[in-house]
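Asks: As a plain string of letters, each chain reads:
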Amino acid sequence: MRKHEPKWVLMYLLGLALAAPAAAQDVASFEKRITLKVLPNGLTVLICERPEAPVFSFFTHVDVGGDREYPGITGLAHMFEHMAFKGTDKIGTRDYAKEKPALVQVEQAYQAYDRERRRETGRDEEKVAQLEKAWKDAMAAAEQYVVTNQFGEIVERSGGTGLNAFTSNEETAYHYSFPSNQVELWAYLESERFLHPVFREFYKERDVVHEERRLSESQPFGRLFEQFSGAAFIAHPYGRPVLGWPSDLESFSETDAENFYKKYYVPSNMVVTLVGDVKAGEVLPIVEEYFGRLPAGPKPEPLRTVEPPQIAERTVILHETSQPIFVEGYHKPGARDKDDAVYDALQDLMSNGRTSRLYRSLVRDKKIAAFSGGFNGYPGAKYPNLFVFFAVSTPGHTPEEIRDAIHTEIDRVKKEDISDNELQMIKTRAKADLIRGLGDNEGLAFQLGTAQSLYGDWRGLFRHVDEIGQVSKADIRRVANATFVDNNRTVGMIESTQLAQAPAAGKETPQ
Amino acid sequence: MKGQTGLIVFALMALAPLGFAPSLRGQATDWKQIQAPPLHPFHPQQPRRVELPNGMVIFLQEDHELPLVRGTARIRGGSHLEPAAKIGMVSIYGQVWRTGGTKSKTGDQLDDYLEARAAKVETSGGGDFTTVTWDCLKDNFDEVFGVFIELLREPEFREDKLPLAKNQLNTSISRRNDQPFGIAFREAAKLVYGADSPYARVPEYATVAAVTRDDLLNWHRRFVHPNNIILGVVGDFDSSQMEAKLRSAFESWPRGEAAPKLEASFKGPKPGIYFAEKGDVTASTVQMVDLGTRRDNPDYYAIDVFNEFFGGGFSSRLFSNIRSKKGLAYAVGGGIGTDFDHPAITRLFLGTQSKTTAAALDAFNAELDALKTNPPTPEELTKAKQSILNSFVFRFDSREKVLGERMTYEFYGYPADFLERYRLGVDKVTLDDVKRIADKYIHKDQFAVLVVGKAADFDRPLSSFGPVTTLDIAIPKLGGPVTHQ
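Line by line, the protein sequences give chains A and B. Reminder that position 32 of the first sequence reads as 32 in the numbering used here, one-by-one numbering, no gaps. Reminder that position 304 of the second sequence reads as 304 in the numbering used here, one-by-one numbering, no gaps.
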């Protein structure tokens with residue numbers, strides 16, 4: 001029920017990384033604990049046994065996000081994600097036989113209202129008002145059959161925690177955790193949610209989704225990153241907000257959502273990952289039984305649009321009362337590219353901890369930033385994306401100072417090899433961070449499901465990062481020189497109309 | 001260590017027993033047909049507690065799943081005890097403690113040393129306590145533990161890292177009005193506790209500027225004594241060997257002065273409407289706040305059940321009525337606030353578009369009225385209790401969580417079996433209890449109502465709800481008067 005964090009935030013937090021030689025953390029040990037099965041309808045099921053406590057977590061990854069929207073339906077992938085909490089023909093209704101025709105009425109009334117209110121010439125305001133009332137009356141009539149939030153209620157009272165979902169520019173994922181005696185209930189609920197969804201309370205939820213957008217646009221970060229992405233991508237859907245444009249959030253219909261669902265929520269486009277105190281031998285038959293009911297459908301054709309090479313530097317500046325923020329991004333290949341590990345190494349070099357180059361330069365020495373980093377994979381990973389540099393300035397310092405300091409560090413990595421110590425540190429940390437991410441059902445389900453969805457193989461999680469172990473100094477210079485060039489750059493900044501004064505830090509007596 | 005038997009034996013209150021044999025089961029066509037088998041008994045492993053003669057308390061929790069060892073030392077005394085003229089001092093202390101290095105190594109040298117081992121040793125300053133933590137691969141334990149001890153016993157607080165820490169804090173001061181939610185939470189705390197309260201006051205440029213290296217050294221000398229420390233270690237180690245190492249590291253450390261108890265008074269907010277203008281938003285942030293209570297209150301269990309019913313999960317009243325049925329908010333929730341050693345804030349919160357600000361306040365008021373006119377039903381009670389009890393296992397589904405709970409109870413003087421008492425307490429809560437809780441702790445006319453937003457876009461002026469007090473949230477400039485000292 002939330003917009004996705006930028007991918008690199010998650011990658012940073014979870015520390016996607018590589019296998020270590022220790023016993024319980026390498027691919028071989030996971031091979032023994034993981035069962036993978038593709039059901040006849042095309043659904044991929046991954047089960048990882050981790051019997052530490054009598055609980056399990058799951059992720060359902062669906063290979064669709066904002067990437068499959070187009071003008072008029074922006075925000076719809078996220079909207080559908082919200083609808084997947086609204087129940088089925090048996091959950092969330094007092095009487096589906098009566099509710100169903102009432103919902104048809106709502107949609108017909110909405111279509112009539114929407115056509116009239118968006119008439120470009122000769123609009124009859126009185127008729128618009130009448131149609132709007134008819135639509136609202138139809139909604140009220142349908143709402144009498146609703147048992148509000150029953151889907152969530154069943155999950156919660158059966159012991160479920162962390163019930164949530166997210167939508168990104170390239171995928172949608174649903175997740176929660178259950179005590180391990182609720183496997184069958186889970187299989188029923190999670191399959192029914194995609195087998196017999198009922199789009200009840202659609203237009204009320206559309207308002208909720210719009211509120212989610214307002215939450216983002218009421219924050220400087222939200223405003224800046226929306227403008228920045230829009231400038232960086234002129235063709236590819238990465239340039240559009242997952243939260244959608246206000247006009248679309250006020251227009252798209254239940255019918256639009258249903259069409260979107262039919263096309264993209266097919267088993268061949270989904271990966272279900274279960275991690276915890278479950279035995280594949282017991283659980284798989286249940287999963288097959290329930291999820292096997294989802295009707296097969298063709299895997300949607302891959303997205304056609306590829307962002308063309310950038311031929312001009314672009315800059316967006318927001319003049320705000322809030323304090324300055326600086327971001328700049330450079331186009332680079334997607335996560336399936338052979339150089340992705342090199343970009344991850346660059347991210348580590350630039351951003352990871354107090355030994356990172358940007359911390360030492362901008363935060364420690366120049367004292368112009370409170371935080372600074374360079375991250376691989378904005379605003380997503382699957383398609384060609386951006387390597388972004390980001391910084392939050394200290395009081396009295398401007399985005400221009402930040403930019404110059406970041407460029408100095410970029411030039412350094414282009415001109416000089418990184419040190420042996422730095423390269424070794426990157427590789428050691430990659431291994432350790434992987435291990436740290438394995439001790440948690442939810443995190444593991446997310447990582448395995450993401451790898452399965454992204455690479456078509458959960459081993460990609462380990463393999464991708466074997467590649468980090470292979471990265472050379474020359475790779476880093478090569479990639480930096482190919483990527484960090486002026487015409488490939490988009491800059492976004494908030495310039496403050498009320499720049500905070502710089503308190504003379506360290507002085508004990510204020511002037 | 002062999003798993004000591006649990007304080008908490010988790011046997012589920014699961015419904016009817018039914019064999020978990022898929023081949024015998026028919027496929028359910030309705031969720032009501034599905035009956036969960038009983039959850040198999042689970043005895044979460046409790047950490048071993050060791051108390052050294054000098055008063056230091058140690059918890060050892062073996063967990064051999066991954067080759068990692070992590071530790072946390074919680075040290076009594078935090079920002080709630082810092083002087084009013086130096087608010088921010090403990091935050092600065094928490095940074096410079098680590099960045100300022102030890103006698104033998106500068107902070108930068110520690111960075112290089114630890115990062116080369118993919119290890120972390122970190123310090124931080126909080127309200128009730130400060131912490132030193134480590135996180136390392138087990139092969140590096142001895143080296144990393146050496147840094148941990150040096151940092152605990154011989155920190156240097158080198159002067160050159162002080163401006164860096166002040167810079168960080170000044171940055172957060174300069175940006176504290178950029179996020180509407182941040183403004184609301186800060187101002188709400190001031191309304192409930194009073195602007196001068198240790199639980200509400202915030203650093204200003206002047207209080208940050210007033211902090212010196214001597215302050216940090218003095219704080220360290222005053223508080224970092226073994227009898228003020230609770231140390232928890234979790235990971236891939238042998239408890240007997242670990243105990244021997246910790247004893248030899250800490251047993252000779254002499255006892256020092258005990259940390260004082262914080263004296264604070266809590267009288268709650270002055271009821272009324274409070275407003276802070278934020279011109280660059282499309283949505284208002286609304287909070288209704290009052291003084292809550294503590295967790296050693298016998299009402300605590302019933303309060304948690306009430307909270308679950310009222311503002312907790314997906315099917316709570318606030319979520320269902322204000323979000324799902326009215327479409328007024330994305331973020332909405334609330335409940336009676338509880339904390340271990342002081343009354344927390346009772347809070348209803350939401351975000352709504354500017355032009356439904358008054359409508360959202362109406363909706364909050366309607367939910368408060370409904371507590372009397374449409375009191376919780378038996379079904380709502382069952383739902384709330386089941387949600388808490390059936391998900392109870394997630395309170396201790398990892399050994400690290402069990403350790404964390406035990407350390408917290410130890411720190412605040414709660415019984416070691418508090419979690420089990422909680423489960424039993426919740427189990428006993430009746431409908432009358434929940435109604436009584438609503439009457440006792442929720443008083444519509446005692447709330448401070450706070451709105452952060454763009455007044456020009458509101459559907460009705462806030463004055464239609466009563467006299468409005470406008471809050472001055474301007475950030476005091478350095479050298480200017482420091483408010484609330």
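In short, the hints are calculated from the structure, not lab data. One should not assume that every hint holds.
Between beta-carbon pairs, the in silico distance windows are [stated by the list, open to error]: (1) 246/A x 461/B: 45 to 51 Å; (2) 341/B x 317/A: 54 to 60 Å; (3) 482/A x 412/B: 36 to 42 Å; (4) 279/A x 256/B: 23 to 29 Å; (5) 27/A x 182/B: 41 to 47 Å; (6) 40/B x 247/A: 50 to 56 Å; (7) 411/A x 85/B: 43 to 49 Å; (8) 412/A x 109/B: 19 to 25 Å; (9) 499/A x 182/B: 17 to 23 Å; (10) 247/A x 401/B: 42 to 48 Å.
Even for Gly, the Cβ is constructed at its ideal location relative to N, Cα and C.
Asks: Are there hints from earlier that the structure breaks, and if so, what are their numbers?
Replies: 1, 2, 3 and 4
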